[in-house]
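Student: What follows is the residue order along each chain.
2 protein chains.
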Amino acid sequence: MKCTVCRGPALIDLRRHNANFCAEHLAKFCRDQVERAIHDFDMLEQGARILIAVSGGKDSLALWDILNHLGYDTAGLYVGLGIGEYSDVSGRFVQKFASERGLELLEVDLRSEHGYDIPTAAELTRRSPCSSCGLSKRHLFDRAAIDGGYDALVTGHNLDDEAAVLFGNVMRWQMDYLARQRPVLPERDGLPRKVKPLVRLTERETAAYCVVTGIDYQVDECPMAAGNKHIAYKELLNEMEVASPGTKADFYLSFQRRAVHQLDGTLAEGRESLGTCDSCGAPSPSDICAFCRLKSTTARENR
Amino acid sequence: MKCTVCRGPALIDLRRHNANFCAEHLAKFCRDQVERAIHDFDMLEQGARILIAVSGGKDSLALWDILNHLGYDTAGLYVGLGIGEYSDVSGRFVQKFASERGLELLEVDLRSEHGYDIPTAAELTRRSPCSSCGLSKRHLFDRAAIDGGYDALVTGHNLDDEAAVLFGNVMRWQMDYLARQRPVLPERDGLPRKVKPLVRLTERETAAYCVVTGIDYQVDECPMAAGNKHIAYKELLNEMEVASPGTKADFYLSFQRRAVHQLDGTLAEGRESLGTCDSCGAPSPSDICAFCRLKSTTARENR
Numbered sequence: 566m567k568c569t570v571c572r573g574p575a576l577i578d579l580r581r582h583n584a585n586f587c588a589e590h591l592a593k594f595c596r597d598q599v600e601r602a603i604h605d606f607d608m609l610e611q612g613a614r615i616l617i618a619v620s621g622g623k624d625s626l627a628l629w630d631i632l633n634h635l636g637y638d639t640a641g642l643y644v645g646l647g648i649g650e651y652s653d654v655s656g657r658f659v660q661k662f663a664s665e666r667g668l669e670l671l672e673v674d675l676r677s678e679h680g681y682d683i684p685t686a687a688e689l690t691r692r693s694p695c696s697s698c699g700l701s702k703r704h705l706f707d708r709a710a711i712d713g714g715y716d717a718l719v720t721g722h723n724l725d726d727e728a729a730v731l732f733g734n735v736m737r738w739q740m741d742y743l744a745r746q747r748p749v750l751p752e753r754d755g756l757p758r759k760v761k762p763l764v765r766l767t768e769r770e771t772a773a774y775c776v777v778t779g780i781d782y783q784v785d786e787c788p789m790a791a792g793n794k795h796i797a798y799k800e801l802l803n804e805m806e807v808a809s810p811g812t813k814a815d816f817y818l819s820f821q822r823r824a825v826h827q828l829d830g831t832l833a834e835g836r837e838s839l840g841t842c843d844s845c846g847a848p849s850p851s852d853i854c855a856f857c858r859l860k861s862t863t864a865r866e867n868r
Numbered sequence: 566m567k568c569t570v571c572r573g574p575a576l577i578d579l580r581r582h583n584a585n586f587c588a589e590h591l592a593k594f595c596r597d598q599v600e601r602a603i604h605d606f607d608m609l610e611q612g613a614r615i616l617i618a619v620s621g622g623k624d625s626l627a628l629w630d631i632l633n634h635l636g637y638d639t640a641g642l643y644v645g646l647g648i649g650e651y652s653d654v655s656g657r658f659v660q661k662f663a664s665e666r667g668l669e670l671l672e673v674d675l676r677s678e679h680g681y682d683i684p685t686a687a688e689l690t691r692r693s694p695c696s697s698c699g700l701s702k703r704h705l706f707d708r709a710a711i712d713g714g715y716d717a718l719v720t721g722h723n724l725d726d727e728a729a730v731l732f733g734n735v736m737r738w739q740m741d742y743l744a745r746q747r748p749v750l751p752e753r754d755g756l757p758r759k760v761k762p763l764v765r766l767t768e769r770e771t772a773a774y775c776v777v778t779g780i781d782y783q784v785d786e787c788p789m790a791a792g793n794k795h796i797a798y799k800e801l802l803n804e805m806e807v808a809s810p811g812t813k814a815d816f817y818l819s820f821q822r823r824a825v826h827q828l829d830g831t832l833a834e835g836r837e838s839l840g841t842c843d844s845c846g847a848p849s850p851s852d853i854c855a856f857c858r859l860k861s862t863t864a865r866e867n868r
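Top line first, the protein sequences correspond to chains A and B. The first sequence begins at 566 in the numbering used here and counts up one residue at a time. The second sequence begins at 566 in the numbering used here and counts up one residue at a time.
Treat the hints as calculated values from the structure; they're not laboratory data. Check before you lean on any hint, since a few could be wrong.
Just so you know, same-sequence chains aren't split out, so a pair can sit in one copy or run between any two.
What the hints assert, rightly or not - Below, computed lysine to any residue pairings styled on SDA-like, alpha-carbon distance capped at 25 Å:
1) Lys794 - Arg703
2) Lys794 - Ser819
3) Lys794 - Gly733
4) Lys661 - Asp638
Same shape as in the complex, but just chain A (with noise of 0.2 Å):
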């Protein structure tokens, strides 16, 4: 097998590109994915000023290497999710590649900082860790992108990931995550600019990189995400990708093509009811935000 560029010894084929790539060529080759990503999709201005949230996987620190080798100023938000073993030893990972490259890397512990974490929320508010994790990470990422003031906080979605959440919304046309679902967001009252550049990629052709450039990564899935309906998704997904290479690109590229601009009216629908928390300020379509209700149901329960 070899490289389709150089005609080296090749070390991975892609067969949805019909590629063979050695380790020089993937690697270009993730890096111009995700330009093309960046630039078909306008995500980011030349040079700007990104907050990545980071969680120790593959994915996020494949992205953060690659948007530091694309120029863009980057600094890392780490949330420490209190999932034993499992947490401390990504948090390593992260800290030793910030640290290796010298790049600015922000920590926020759940536990220490406020007061809970992702196995007791899971426990006492008998939602799925999953759910509790999600909405924790999306206000604290959210916040510290606005608080630092940076033109866009960027996350790790691959595309196996996209065209599961998709898939599983379309097997239910819930129309409302549907029309949210763009690789875009743009800023909105109180709400940061979100961008994910990996769209373009899938989590094999992540982790290959990883290997490729030397970054050490948690190689483990989270220990409670199992039974995930996404997993089945993308299960399902990999079966038809195998039968029919391209597909999981197509399904998930062609809906931000065709589809999501049908959908325009009913993302600014969603939008009209926006408030802020009367506890802490960040926005919230209800008087107190879900993150400050899981704050004090595991403070109650914690008593």
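Please build the complex by placing chain B on the supplied structure of chain A, with the hints as guidance.
Tutor: Chain B in isolation, oriented as in the chain A frame:
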């Protein structure tokens, strides 16, 4: 296992309805579901005069029986496709059904009336057999419904069929196809009103209806449909249905309830360009309609 209605012995369980039925109440359930679809989607006026496209399979014969039961003025149309033994047997099931019930049956034979059959068309045109077959049936059913002055052309597409087609269209976001995927298409420009009253029933349910009401039908799948992509989509949807009963109905019906009307604009655009075929006068977007082109290709190649 007891019948949910009468507590007698049940012979089928319908997990998505959380119900079991005996023969009598399964038949009632199927008729009720058809009546509900007709009502919910404003399909037919009470007692309308309708033409049913019948293939000899479980769906179209169950549908004919149910619509006859519900008091509609029905005639069937069978198109002989010339797919060897399969077509011969299918035709005999239709004739037996109609004659036993004293129902009017129209018949068109592709080979003797139009000079080709589906295997020949597929070979000569290098189209997939399903494509030649679909366009031939559409043309002949439309024409018969218009010429006979029927209030509607009714087809036996069931929930599995419609969900699989929707799934395929969604995977590629084919907006024009999505916009037209409705259980009712109104009459327009020389095309009859088209109605699909089986969209609330699966193929397992229509098969069970035939068994319990004594309808003999063609059990074999069409031998030319192997490899058809919709079969793979049906299998995927069935996997999801097993994991989560109701998935398939939710996918199709929530599309109808929430999404399809967002595409009214796309539907209107697609409608502008319909003229008539110079050769046969049928509605067509081009000078010569696809049916007449197929006829002339097969006539030329057959020479």
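Student: At most 25 Å between alpha carbons: which applies to Lys794 and Gly733, within, between, both or neither?
Tutor: both (8 Å within a copy, 21 Å between copies)
Student: 25 Å Cα cut-off: does Lys794 pair with Arg703 within a copy, between copies, both or neither?
Tutor: within (20 Å within a copy, 40 Å between copies)
Student: Have a look at Lys794 and Ser819 and pick one of within, between, both or neither, based on CA distance no larger than 25 Å.
Tutor: Both: 23 Å inside a chain and 19 Å across chains, each within 25 Å.
Student: For Lys661 vs Asp638, is the C-alpha pair at or below 25 Å within one copy, between two copies, both, or neither?
Tutor: within (19 Å within a copy, 77 Å between copies)
The structure is consistent with each of the numbered hints, conforming to all of them.
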